[in-house]
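Protein chains in written order, with the numbering used here: chain A, 1063 to 1327; chain B, 74 to 337.
Everything labelled a hint here was simulated from the structure, so no lab data went into it.
A virtual CB, placed ideally from N, CA and C, is assigned to each residue, including glycine.
Some hints could be false.
Lysine to aspartate or glutamate pairs mimicking EDC-like chemistry, simulated, CA-CA at most 16 Å apart [claimed, not checked]:
#, chain 1, residue 1, chain 2, residue 2
1, B, Lys273, A, Asp1174
2, B, Lys249, B, Glu233
3, B, Lys249, A, Glu1131
4, B, Lys273, A, Glu1131
5, B, Lys273, B, Glu233
6, B, Lys249, B, Glu321
7, B, Lys92, B, Glu234
8, B, Lys249, A, Glu1122
9, B, Lys273, B, Glu308
10, B, Lys130, B, Glu97
11, B, Lys273, B, Glu234
12, B, Lys273, B, Glu304
13, B, Lys249, B, Asp187
14, B, Lys130, B, Asp187
15, B, Lys249, A, Asp1174
Interface residues of chain A toward chain B, partial, derived using beta-carbon atoms under 8 Å [stated by the list, open to error]:
#, residue
16, Leu1090
17, Ala1095
18, Leu1098
19, Ala1110
20, Gly1114
21, Phe1133
22, Thr1140
23, Asp1180
24, Val1305
25, Ala1306
26, Leu1309
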Amino acid sequence: MTHVLEEDTRPRDSATAAAESAGSTASLRSMSALMLLIDGRFPAGGHAHSGGFEAAATNEKVTDIASMEQFLLGRLHTTGLVAAAFAASSCLAFGRAAAATDDAGLAAFTADLGVLDDEFTARTPSPVLRVVSRRLGRQLVRAGRRIWPHPLVDELARLPGQGVHQPVAFGVVAGAAGQPPVLAATAAAQESITGPATASVRLLGLDPFDVNALLARLAGDVALVATRAFASASSSPADLPAVAGYLIDISAEVHATWEVRLFAS
Amino acid sequence: MRSHALLDIASSSTPQGVKRSYIERMRSQGALVLRPTKEVLPGWAARWNLTGSTPVKVRIVAGAAGPLGGDQLRLEVTVGAGAVLMLGAAAGTLVLPGVHGEQSRSDVSITVADGGTLIWNPGVQIAARDCHHTTLNTIGLAAGARLYAREEIALGRFGEEPGRFRQRMRVTREGKPLYDQELAIGPGAPGWNSAAVTGKRRSLGTIVLVDPQRAGRPTRQESVPDTAVMELSDEASLISSLAPDAIELGRRLDAAFSRSLAGQ
């Protein structure tokens, strides 16, 4: 009887608790998907790339934690910001198309992604890095379609040509994994530094504790970049950030000519 | 100071078929003073077969120091169908802070119509200590337009750290983006001096080259230090270079440019 009494006297509390419980289950579920998406073991081919770190280590003597920190900051606030903004923007496009119920929504989706892809190409002057970005985009779509099946991810795989750039694909796959655009931006920003950081451990044998402590220190910068990226994501694609890593681009062109290298880029 | 300058170049043909580019409208204001000159085009421009099109040559002369913090400069240029314009600066530009820490802003907007040619060479932008400046250069090309756009930036005067300086260059063709990159240095740009962006070099620059009639892609040449020639599309390429100082930067850009022409 105490049961009935409780339900009778606090019906609203019980309803709120149920809603909260459902909400928190949904948010935990989404968090689980996010952890899967950004796990270094996610099978999208990222492990073969050092994000320009291999070239920087050799040519620019980025061989200790202090110079590594500056490199990661520089990368995060340039190409990291651009990738995060494009990921957030394509995640927004995914959300719009997923909410639409007619063919117009799908047509708008492919048109939006085409424009974003062209804009990202204009922000990737290095032909070597354009090829890498499209290859990583295809690998991500291939993995994403199987892991979080969604008609809009299938649509990405059907696009003619070499596929879309990695950040554009990332926003869509993140959307299919239930992520809001702000988390797509945060994950893309985070990935822009975890790739080179992991590579540094393999290339130079830097202490993994030191490297991960550095990544933890950069959390504030990741949040700042993700916030800026998300704030810009709903603006016109032409106005998305275009901050460039000039030396990363020049080094990538040189790195591609090396006969012996551990990473593809 | 607010300065808003305008320059419109058009082209006409005589009944004999001789093309002439001419200044249709020119307005100087404040810090932006436009002065037509009688220089000759650089030797490589002969490749563009401009003989008989009598190019217009104009230099931007600084009508005031700066830009200083608080200044807003705006330059709008149109190059009409078939017209040829070489637009440059008379000297380097020293970007300085204002008295009260205000930002300065410079906007250059250029369109080039079909068959038009633009050689854009605004000289070295020197980002002085404590400056707080943003430049946005946009160049809109029609399908058949040609472009040589050269930008050079010195990161501080000798022995000084630069202030907050951003410069974005966006080139479109037929309204579609071709090249869009922004340099951000100084206190507002963490890691700008690292191996990701400038790697402690004191100077950097780019040349964007668009030529719908170019004979072929540049072949890979003997490399110039810290410099790369990158293909943007079948008809466009970028030379990007870093150097210890502005003089060496000019040499590297010249060397990579002439080698990429020789490779075609």
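Against the structure, the hints:
For the suggested pair Lys273(B) and Asp1174(A), the alpha carbons sit about 38 Å apart, so the restraint of at most 16 Å is broken. As the CA atoms of Lys249(B) and Glu233(B) are separated by approximately 39 Å, the hinted pair breaks the 16 Å bound. The suggested pairing of Lys249(B) with Glu1131(A) is violated, with an alpha-carbon distance near 36 Å, which exceeds 16 Å. For the suggested pair Lys273(B) and Glu1131(A), the alpha carbons sit about 15 Å apart, so the restraint of at most 16 Å is met.
At most 16 Å may separate the alpha-carbon atoms for a hinted pair to count; Lys273(B) and Glu233(B) meet this at roughly 12 Å. Simply put, Lys249(B) and Glu321(B) have alpha-carbon atoms about 34 Å apart, too far for the 16 Å limit, and the pair is violated. Among the hinted pairs, Lys92(B) with Glu234(B) is inconsistent with the structure: their alpha-carbon atoms are about 48 Å apart, more than 16 Å. The suggested pairing of Lys249(B) with Glu1122(A) is violated, with an alpha-carbon distance near 35 Å, which exceeds 16 Å.
Only pairs whose Cα atoms come within 16 Å are accepted, and Lys273(B) paired with Glu308(B) is rejected, the gap being roughly 32 Å. About 13 Å separates the Cα atoms of Lys130(B) and Glu97(B), which keeps this hinted pair within 16 Å; it holds. A C-alpha spacing of about 11 Å is found between Lys273(B) and Glu234(B), which places the hinted pair at or below 16 Å, so the restraint holds. Pair hint Lys273(B) plus Glu304(B) does not hold up; C-alpha atoms about 26 Å apart against a cutoff of 16 Å.
Our distance criterion of 16 Å between C-alpha atoms is met by Lys249(B) and Asp187(B), whose separation comes to about 15 Å. For the suggested pair Lys130(B) and Asp187(B), the alpha carbons sit about 19 Å apart, so the restraint of at most 16 Å is broken. For the proposed pair Lys249(B) and Asp1174(A), the alpha carbon gap of about 14 Å is at most 16 Å, so the pair holds. Hint on Leu1090(A) is violated. Least Cβ distance to chain B is approximately 33 Å, over the 8 Å limit.
For Ala1095(A), the suggested interface contact is broken, since its CB lies about 30 Å from the closest CB of chain B, more than 8 Å. Annotation: interface hint on Leu1098(A) violated; nearest CB of chain B at approximately 28 Å, more than 8 Å. Hint on Ala1110(A) is violated. Least Cβ distance to chain B is approximately 20 Å, over the 8 Å limit. Given hint, Gly1114(A) at the interface with chain B, holds; its Cβ is 7 Å from that chain's nearest Cβ, closer than 8 Å.
At its closest, the beta carbon of Phe1133(A) sits 5 Å from a beta carbon of chain B; the interface hint therefore holds under the 8 Å criterion. Evaluation of the Thr1140(A) hint against chain B yields a held restraint, the C-beta minimum of about 6 Å falling below 8 Å. The beta carbon of Asp1180(A) is positioned within 8 Å of a beta carbon in chain B (closest approach about 6 Å), and the interface hint is therefore held. Because the beta carbon of Val1305(A) sits about 5 Å from the nearest beta carbon in chain B, less than 8 Å, this interface hint is met.
Hint on Ala1306(A) holds. Least Cβ distance to chain B is approximately 4 Å, under the 8 Å limit. The closest approach between the C-beta of Leu1309(A) and any C-beta of chain B is roughly 5 Å, which is under the 8 Å cut-off, so the hint is satisfied.
When the structure is compared with the earlier hints, violations turn up for hints 1, 2, 3, 6, 7, 8, 9, 12, 14, 16, 17, 18, 19 and for no others.
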